[in-house]
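In the order they appear, the protein sequences are chains A and B. Numbering-wise (numbering that gives the first Met the number 0), the first sequence opens with residue 0 and increments by one. Numbering-wise (numbering that gives the first Met the number 0), the second sequence opens with residue 0 and increments by one.
Where hints are given, some of them may not hold.
[Stated by the list, open to error] Below, simulated PhoX-like cross-link-like pairs (lysine-lysine); rule was C-alpha separation at most 25 Å, straight line:
1) K294/B to K222/B
2) K257/B to K222/B
3) K280/B to K294/B
4) K126/B to K12/A
5) K12/A to K124/B
6) K124/B to K222/B
Calculated from the structure, these hints are not laboratory results.
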Amino acid sequence: MDFRTVTGEERQKLINALRGNAEDSLAILMDRRDTSFLGSASSEDISDDEVISAIQSVPCHY
Amino acid sequence: MNFRLPKLYRWMHRVESWWRRRTGAPELLAATTPAVPPAPPMTSRLERIVLTEGVADTLFQDYSDHRRSARGNEEIGWTLLGVRQGDEAIALAAIPAGAARDASTVHVQFNADAQAVASRILRQKDKRLQIVGVVHTHPGNLTHPSNGDYAGDSVWVAGLRDREAVFGIGTAVADLQFSWYALAVGDAGYRPLPTRVDAGPDLAACLRPLWHSLETHAADLEKLCRLFANVQFDQADGGLAVRIGLGEPQQGLRLLLKAGDVRYYLDRGGELIAVEPRETKLDRAVFLILAELAKDQPAESRETYVTMT
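So here's chain B without its partners, still in its complex pose (with noise of 0.2 Å):
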């Protein structure tokens, strides 16, 4: 049964991997290469990988920060959002892999949803923003990439717009330490990467204290994103801000998320009303303030709240 594969390919490559870790034994499978369409002539292959130094802070602190929690026998990971210049990948943002991700002591697969919000949320001051990379941590002593990750990121590569990208490995035998490598389109392995660290910040440090809310929300956040034209993020009062542009000039719906609660606005023109949907799912109680506007109800004045029911 063709559906049930993917399943299975994921348990075989999990248990490659425990074996040998475990084992220091050879390769149970041997590499594949998929098949992907012919590259075209790129303009320079990466070189190096230059990391902020508040992006190398992000990861090394995270990965030591991680290793002391509950899930620290787990594998864990980051992507790195940055710019491509020449020959070199600038990565200028790690976005954390999210706490409700997928993840054991052999495999992890981030939370997706949260990492497309949080990049929208970045990408709001420079679209030039892309991923350049993606980190993830061996609990033992591989420094390489496994079977298992080229199987996956061979293919993955070929949808991107460099068709090339970086791959981090973060692992900690005496000291924590991450070893680059680069891996193109049709590359048969990956290729050891000279990494230097330059000045700057991690552009996604802004997102930490909001992070909570953000992956609690985020598929419903991204599905938003998908629906309406104008969606732009904010930090306001501790929370994460939302503005839902309404069509008409200066009116347009806000949300605020703190710590698990939800709170929405509607702004006329900076007069803020607020609104109660009695809905717990964010999506729905959008839904359901705007099918309430339809009905040409404008509410009175700022004191106005209203009920819905």
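Next comes chain A alone, as it looks inside the complex (with noise of 0.2 Å):
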């Protein structure tokens, strides 16, 4: 079992995301492999903007 102190950057980045997910519910997320914290889901949103440019730019198949 490895323990260490997390950095400051890491501690604030934790903070944020436990605050996040306390008060809007968005959730923390976690490194299937080895648990470790890998951030908050807040920093993963996409505008609808973003999101509708690719839909309507998907090529045709053939």
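From the two separate chains plus the hints, produce the assembled complex.
Below, the structure written as structure tokens:
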């Protein structure tokens, strides 16, 4: 078992993720291999325009 | 004449696909790698496509239903929405190609307007959802994307967030099957992609009962979404309910789309006032109602029925 102190940046990200989870029900992401902290779902939000643009540019398939 | 080249290009690929499937002949047209911008370093390339059980069921059930339908000899397809986690793409929703798709035995072009509105509805609850891939079928036994597919997909992936996507090919030689590939920007060809099925629903299943209404008015709904900042979709009374916020708190315009019929209501703090705009086109009807409201003639009561002439 490996214990280590989280760095300042990691600590802030973790606090933000926990706050987002508590206040806005945002998911906390975990690495499935080693259960380490990957970040908050909020950082993965994608704009409607980006998705719509991708959908509307799907090419014809043959 | 340059403006005719895309049409000619599409026609040539259709002929090529038809010839190759009928005769088993080698590729008539050499695969060409279109000029694409250099790819930025990616953290990891796709190594697996994960389908929820719901999405997998949808693909097989839709494909089976399609083959028994009047258009069963045509190609069909789906757009997959999901999330990307590390080297896995997780498909959480399969959006159908739509009844208004352009398709034949050798091509399929999805109804993009309907799929765009569908994505807006699904993403109301989860803004992480993005396109993770596209699935389409081949009537013959070609389980690999064609050269025509590569010509379009290799350009398309360059515009995606991860510059890489999943591509599925459905075939029905003995049994129905789907073969999976990945293509990243700059790749010379598709890479076979391992598949795993995990427990979970197809998030797009909730749209199926609403699909006819959604697709009938998709272009107008998409236009309204672009024009108004606050458009919300919901399911109500067996139809598709649309709420357009009107700036003032607790005020909005409500539309109920059901079986080809559209009803309009003015929402004033929960009080619903029916409006009859006498206009068949949905977006024009909304604009006419807003113009009427701009005259600042408030309706009187819940029983008021506004008729516009």
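### Task
Compare the distance between the alpha carbons of K294/B and K222/B with 25 Å, and conclude whether the hinted pair is satisfied.
Roughly 24 Å between the alpha carbons, so the hint for K294/B and K222/B holds.
### Query
For the pair supplied as a hint, K126/B and K12/A, is the alpha-carbon distance within the 25 Å limit?
20 Å, holds
### Query
Does K257/B pair with K222/B here, judged by a C-alpha cut-off of 25 Å?
19 Å, holds
### Query
Taken at face value, is the distance from the CA of K124/B to the CA of K12/A at most 25 Å?
23 Å, holds
### Query
Do the alpha carbons of K280/B and K294/B lie within 25 Å of each other, as the hint requires?
At roughly 22 Å apart (the allowed maximum being 25 Å), K294/B and K280/B satisfy the hint.
### Message
Between the alpha carbons of K124/B and K222/B, is the straight-line distance 25 Å or under?
### Response
21 Å, holds
Checked against the numbered hints given earlier, the structure satisfies every one of them.
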